[in-house]
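Peer 1: Spelled out, the chains give:
There are 2 protein chains.
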Amino acid sequence: MRISKLSLLVAAVLLVSCGGTKQVGVLTKPTSATTNLEGHEYPKINPDLSATFRNDFPDAKTVTVNVGGKNYPLVKGEDGLWEVTTDPLVVGFHYYTMNVDGKRISDPNSKEFYGSNFWQSGIDVPEAGVDYYLEKKVPHGEIEIVKYHSDLTNAERTTWVYLPPQYKKEQDRRFPVLYLFHGAGEDETGWGTQGKLGNIMDNLIAKKEAEPMIIVMEHAVATDPNATGRQNMFDFTFFEKVMVEEIVPYFDAHYRTLTDRDNRAICGLSLGGFQSYTIGLDHPEMFGWIGGFSGSGRGPNDRRDAEMYPKSINDQYHVLYISIGTDEPSGMYQGIHDLHVALEGLGINHIYYESPGTGHEWLTWRRSLYQFAPMLFKK
Amino acid sequence: MRISKLSLLVAAVLLVSCGGTKQVGVLTKPTSATTNLEGHEYPKINPDLSATFRNDFPDAKTVTVNVGGKNYPLVKGEDGLWEVTTDPLVVGFHYYTMNVDGKRISDPNSKEFYGSNFWQSGIDVPEAGVDYYLEKKVPHGEIEIVKYHSDLTNAERTTWVYLPPQYKKEQDRRFPVLYLFHGAGEDETGWGTQGKLGNIMDNLIAKKEAEPMIIVMEHAVATDPNATGRQNMFDFTFFEKVMVEEIVPYFDAHYRTLTDRDNRAICGLSLGGFQSYTIGLDHPEMFGWIGGFSGSGRGPNDRRDAEMYPKSINDQYHVLYISIGTDEPSGMYQGIHDLHVALEGLGINHIYYESPGTGHEWLTWRRSLYQFAPMLFKK
Numbered sequence: 362m363r364i365s366k367l368s369l370l371v372a373a374v375l376l377v378s379c380g381g382t383k384q385v386g387v388l389t390k391p392t393s394a395t396t397n398l399e400g401h402e403y404p405k406i407n408p409d410l411s412a413t414f415r416n417d418f419p420d421a422k423t424v425t426v427n428v429g430g431k432n433y434p435l436v437k438g439e440d441g442l443w444e445v446t447t448d449p450l451v452v453g454f455h456y457y458t459m460n461v462d463g464k465r466i467s468d469p470n471s472k473e474f475y476g477s478n479f480w481q482s483g484i485d486v487p488e489a490g491v492d493y494y495l496e497k498k499v500p501h502g503e504i505e506i507v508k509y510h511s512d513l514t515n516a517e518r519t520t521w522v523y524l525p526p527q528y529k530k531e532q533d534r535r536f537p538v539l540y541l542f543h544g545a546g547e548d549e550t551g552w553g554t555q556g557k558l559g560n561i562m563d564n565l566i567a568k569k570e571a572e573p574m575i576i577v578m579e580h581a582v583a584t585d586p587n588a589t590g591r592q593n594m595f596d597f598t599f600f601e602k603v604m605v606e607e608i609v610p611y612f613d614a615h616y617r618t619l620t621d622r623d624n625r626a627i628c629g630l631s632l633g634g635f636q637s638y639t640i641g642l643d644h645p646e647m648f649g650w651i652g653g654f655s656g657s658g659r660g661p662n663d664r665r666d667a668e669m670y671p672k673s674i675n676d677q678y679h680v681l682y683i684s685i686g687t688d689e690p691s692g693m694y695q696g697i698h699d700l701h702v703a704l705e706g707l708g709i710n711h712i713y714y715e716s717p718g719t720g721h722e723w724l725t726w727r728r729s730l731y732q733f734a735p736m737l738f739k740k
Numbered sequence: 362m363r364i365s366k367l368s369l370l371v372a373a374v375l376l377v378s379c380g381g382t383k384q385v386g387v388l389t390k391p392t393s394a395t396t397n398l399e400g401h402e403y404p405k406i407n408p409d410l411s412a413t414f415r416n417d418f419p420d421a422k423t424v425t426v427n428v429g430g431k432n433y434p435l436v437k438g439e440d441g442l443w444e445v446t447t448d449p450l451v452v453g454f455h456y457y458t459m460n461v462d463g464k465r466i467s468d469p470n471s472k473e474f475y476g477s478n479f480w481q482s483g484i485d486v487p488e489a490g491v492d493y494y495l496e497k498k499v500p501h502g503e504i505e506i507v508k509y510h511s512d513l514t515n516a517e518r519t520t521w522v523y524l525p526p527q528y529k530k531e532q533d534r535r536f537p538v539l540y541l542f543h544g545a546g547e548d549e550t551g552w553g554t555q556g557k558l559g560n561i562m563d564n565l566i567a568k569k570e571a572e573p574m575i576i577v578m579e580h581a582v583a584t585d586p587n588a589t590g591r592q593n594m595f596d597f598t599f600f601e602k603v604m605v606e607e608i609v610p611y612f613d614a615h616y617r618t619l620t621d622r623d624n625r626a627i628c629g630l631s632l633g634g635f636q637s638y639t640i641g642l643d644h645p646e647m648f649g650w651i652g653g654f655s656g657s658g659r660g661p662n663d664r665r666d667a668e669m670y671p672k673s674i675n676d677q678y679h680v681l682y683i684s685i686g687t688d689e690p691s692g693m694y695q696g697i698h699d700l701h702v703a704l705e706g707l708g709i710n711h712i713y714y715e716s717p718g719t720g721h722e723w724l725t726w727r728r729s730l731y732q733f734a735p736m737l738f739k740k
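Chains A and B, in that order, give the protein sequences.
According to the working numbering, the first sequence is numbered sequentially starting from 362.
According to the working numbering, the second sequence is numbered sequentially starting from 362.
Calculated directly from the structure, the hints in this document are not laboratory data.
There's no promise every hint is true.
No copy is singled out in the list; a pair is fine if it fits within one copy or between any two copies.
No more than 30 Å apart at the CA atoms, straight line, and that leaves these computed lysine-lysine pairs for DSS-like [claimed, not checked]: (1) K602 x K498; (2) K497 x K508; (3) K530 x K602; (4) K405 x K464; (5) K497 x K602; (6) K529 x K405; (7) K431 x K390; (8) K422 x K530; (9) K529 x K431; (10) K405 x K569; (11) K529 x K672; (12) K498 x K739.
All of these numbers come straight from a predicted model, not from anything done at the bench.
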């Protein structure tokens, strides 16, 4: 492993240094959220990062908005509109819902985002000094929606693939590949939509902070047509087979990839982190770099002993990366933190990052990608 | 114009002939809708094409589902679940909503789709003998999500682009381009999602019924940063400038396009049809083929006189295509039908198609694309 363990301090400095000189993300007046439907004024985010919701529900008796883990009742004003201003919100992207007379609904003012197995409203609270995930006037890569046949599942697979700006310009160049998984209750669209992966990578590559790379945002679910009964969501055996025998070979055959392990990484968030550790550590011949954001272990039993994490890992992988938000549910935080401690005890080199003040949410994962991607494929 | 007017009969035959020998789309038992969230059993579509909705709203007092233009009250059963079976539904894709105690919500069992300026549930009712828009094991093109800077709007533009299966395989080949617009209240994702454009084109190209072509699914909105006041939605002057000066040049510079008018088409649905007629007829030097699905006219006043449709059009364009669903709102139907009659009176060659039994909905537009695409770029 060429990159030694980074301290939380170094990670935090890395994160803050991205802001540049212009104080982006600082609101000087109430501003419509970027996640609103086009032309919708509310919700607005205020300079103190509270949000003001304002809605027209003419016949409603009670209206609340559930955002940032808290319920806020809206009050009907003299103009007949319901309104509330929340406490200051944590920065980053939050799914949220409204509740009208006891029924959960999406906010009619917001775009909707797929997460936790359903479509929800979303609000993106800007972070002062941080613009690494914003759309900028830099060369843009493309995200391709790719469909191909899988013999093992006897179905078509749909995958989103990020191609760096160099991919089309340099027709003879081959690129390293990061396989990147979403979490449970999400799908292959999450990283490219609320994850802002396109902006993060475009910006990192424009500043030459990350190698131009292909990123395969796999659907990461595979159903064995011959299996019976309900599948354990932590049993990736069949998906691992599809990954190794079909998915990686497909992209090596159809894209200008570099096909050696030094140029292939595997990473994911939450359930996708478990998948990455499981598949990545099973296949050192395929993957040289492994990451798990808010979810990393090894297989169904999440074992952390010397048998599962032998010292040979130190020679096999360039980077093992693990991250967690400090405000994630305590069980999640403890699990990842304990893995980090266990790996230290076993003498397994790894990079451990705690995202300050964020939960099991997309800002933890945007920050983690923003850290992890620049480590990859360095010569 | 090389293709003379097709009769409704011929069009209907074309449409029916796509089924092949296998009776696809015929339901022999109640079947979960393909538009359901993964793993959700209801709504189910029954063999008579009625749909059964079944939902768990434990505290609700009244529940209705609004689908196919009609409200159906759900009844709470002894198992505590709310259920209703609708009348037989019109085939094709329908947006729908539920209403719980007076509040409009999406069906928690359904995927959501963006249309009419908000996210809604959707249900796709299969059509017996019709599989042209279904996912099949054929070579698949890719859909790219492309982002690039526009100087005129001083913003980044995001566009979805269909690339035919041949695009990557035949690296020296150049392809004709169809610019395809969505309707008002939709965005650049509509054609590739509920429009099923990828499947339609993959299947047509696999059967050699359509030329392999690039399809640019433009966002088709451009805001002039220097304009003041609210823009008339039927005034496309600024978007036309962006289209001619930036969008077409961008794709000609960055994709392997054929750049002459004989290899460039413009088409759209509803408001996008008006845009296509306006921009297409203004620029015979750029576009050789024009289509309008459920929306076609010419500019703000929708003029249909000899000055706006001179006979020279007959020599300038290979195809003018107009379509409308027979069950669209009467004003929409009458407007398009009257345009067809007016063009006949003016001696302007065109193809006119009425989609039997469908409304201002995606099946009208899937059928229209399925007809229009094979006409394009024939030598």
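Peer 1: Taking each numbered hint in turn, which are not upheld by the structure, reported in ascending numerical order?
Peer 2: Going through the list in order, the structure violates hints 6, 8, 9, 10 and 11 and respects the others.
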